[in-house]
Amino acid sequence: MSARSALALAVEPSEQALAEDFKRAMRRLTSTVSIIATGVDGTRSGMVATAVSSLCTEPPSLLICINRTASLYQPLLANQRFSVNLLDATQSRLVGIFAGQLKGSARFEHGQWESADDLPYLSDAQATLFCSVDARLSYATHEVIVGRVEKSRVNERISPLLWQDGKPAQSCELIH
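Residue 1 is where the sequence shown starts when you use full-length UniProt numbering, and the numbers rise one by one after that.
Hints listed in this document are in silico derivations from the structure and should not be mistaken for laboratory results. Possibly wrong hints are sitting among the right ones.
Taking lysine to aspartate or glutamate pairs in the EDC-like style, the calculated list, with each CA pair at most 16 Å apart, reads [said to hold, decoys possible]: (1) K151 <-> D165; (2) K23 <-> D165; (3) K151 <-> E173; (4) K151 <-> D117; (5) K151 <-> E109.
With the sequences and hints as input, model every part of the structure.
Below is the structure:
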């Protein structure tokens, strides 16, 4: 074995170590918390998500990433439409509810949920984006979905609920 290949073996982390380092690094990536919701045949489904990202403005579109085992996955594919509700810092209690404390439609008994075109949305969210599925990409355990934004609702107050280091956080304006 050459000195170079021995060095490579010494510094290449195991898959488990790499996965742990990746998780630790991602805990330093602060993200806005959203609830993605859909409805099929009168049954509402939703989940909390931080894997939401703007894609482009022409056409207005975004990306969401959903584990294919998530309870929202099949209803979202069946409906081909969904809402992305950007949570306000005062709505942290909804995180646990939509992350699994409650199941199915029981989740929607918490928060100010309304319906537009048979799509559930959180009326007091910072903003809601109403989307249709425009494209999909499967990767490992997840589906990356391109949502074409068809409508939006924006409240005036800007106070996002953030997720940082595995717990809720909020932003503050930096003074220069």
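Hint check:
no. : hint          : result
1   : K151 <-> D165 : violated, 32 Å
2   : K23 <-> D165  : holds, 10 Å
3   : K151 <-> E173 : violated, 28 Å
4   : K151 <-> D117 : holds, 11 Å
5   : K151 <-> E109 : violated, 24 Å
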